[in-house]
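Heads up: the protein sequence lines correspond to chains A and B, in order. Residues 1 to 75, numbered by the numbering used here, are exactly what the first sequence covers, in order. Residues 1 to 377, numbered by the numbering used here, are exactly what the second sequence covers, in order.
Just so you know, the hints here were simulated from the structure itself, not pulled from any lab data. Some hints could be false.
When the alpha-carbon atoms are kept at most 30 Å apart in a straight line, the in silico BS3-like pairs for lysine-lysine are as follows [stated by the list, open to error]:
id	chain 1	residue 1	chain 2	residue 2
1	A	LYS5	A	LYS69
2	B	LYS318	A	LYS41
3	A	LYS41	B	LYS184
4	A	LYS20	B	LYS184
5	A	LYS44	A	LYS74
Chain B regions said to be covered by chain A (calculated; three or more residues, Cβ under 8 Å) [claimed, not checked]:
id	segment
6	49–55
7	191–201
8	225–234
Label-pair distances were calculated between CB atoms; the ranges are [claimed, not checked]:
id	chain 1	residue 1	chain 2	residue 2	range
9	A	GLU2	B	GLY265	32 to 38 Å
10	B	ILE356	A	GLU2	36 to 42 Å
11	B	GLY55	A	SER3	25 to 31 Å
12	A	LYS22	B	ALA160	43 to 49 Å
13	A	GLY11	B	SER192	42 to 48 Å
14	B	GLU10	A	PRO48	38 to 44 Å
15	B	PRO5	A	LYS5	32 to 38 Å
16	B	LYS298	A	GLU2	49 to 55 Å
17	B	ALA360	A	GLY11	15 to 21 Å
18	B	GLU201	A	LYS22	50 to 56 Å
19	A	GLU57	B	LYS332	40 to 46 Å
Glycine included, every Cβ here is placed at the ideal spot set by N, Cα and C.
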Amino acid sequence: MESTKILDAKGLACPMPVVKVKKEMDQLNEGEILEVHVTDKGAKADLPAWAKSSGNELLQDAEEDGILKFWFKKA
Amino acid sequence: MSLKPMTAKELGKMVINREEIFILDVRNTDAFDDWKVEGEGVEIINKPYFDLIDGVDDIVGQLPEDKPLLVVCAKEGSSQFVAEQIVEATGRDTHYLVGGMKTWSEHLEPVKLGDLKDGGELYQFVRLGKGCLSYLVASDGEAAIIDSARTIEPYNEFLAEHNLTLKHVIDTHLHADHISGGRKLREKHGASYWLPPKDAEEVTFDFKPLEDGNDIKVGQTKVAIHPIYSPGHTIGSTSMVIDDQYLISGDILFVDSIGRPDLAGKAEDWVSDLRNSLYSIYAGLSGELYVLPAHFGKHEELDAQGRVMEKLSVLFEKNHGLNINDEEEFRKTVTEDLPPQPNAYQEIRQTNMGKINPDAEEQTEMEIGPNRCAVSG
């Protein structure tokens, strides 16, 4: 997937991953894609819930070697 | 006016004393709907922290000024983040829950149930966050612990404070909702670990068989723990009569409901066992016995002192699960439309058998959420 920007939020604990994702998304233009890497397990449920709440689209998620990856499309 | 920590112990006292508190739960809504802090004096709303990143103006109007305010989240970080903003916006005292719902899930509150005939005492350890109940029998400097929770520090502190030597650790059955602290307690105190043999066929460690006629003595004063085989929640489920006064019912009978037979995937097989245990074995016991279950389902089951107990005769009158005359209706009640199964129940059973050894963080994750061992409630 073609990501506009990659946010490395590994090692950050709740609430920082979502706070950073929101900040980055605010900088993007509609339709652009933010790829997020996190290790905080709480983000697994919270990032999709944030996307739903904020209207941004969660395109895909994956887990590799303990790193959670998400792709969000800016609404 | 400032940001203040509140420990699980402080919150536990407030819940048991039925003090008024307003809780803002900032976890995601799925987690909140699954499980939350409950209590007589607890008023609670949910607003996820990620909807409050730009400010708390949306919710400050919803926070009553005449009650203490507590913000809770899963671990702690987000509740501090939101509580700080509330302090900035309103200037009021705002608490956050130390360790979040993770710590709340593990907190145990010991309450005394009563004196035993020969000078001993019986205590109930109430795990408010998860609805689990465990028991400590003390007599003549010795102790037995029944259905221990995973975190054993509260028991260790209690034993030290009361100068007790732990002699016996007993599980009424192989638990599926929480990880037993039995093995850890045995290792630390050198106590005997008793398990129903039919639930322990696959366990990977040594144990003593908890069986009919195999009475367990605590202290010199002959406080007898008398096991009664009562299958149904699991094939091995064993109840115990303590001091001819109390009936430890495990997950067979609760104050407001009865056990579910499906957590080992054998609902249909175990229905008739469950019915027989409740309608024959329990029906044959003295109605004067106080039933002490391994769980409560609703905070209303706690009495004014924070205890969960009721006379067997009262339960035969009031508990719906003991008043279903039709066998087919009983079968449907305990096998159909059941609540969701407890979080990670299969992994929890494997852990309690000693087959897998998750680390502490994984164990905490596995236990998150309510116990869900009852048919309803």
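Which of the listed hints are broken here?
-> 2, 4, 7, 8, 9, 14
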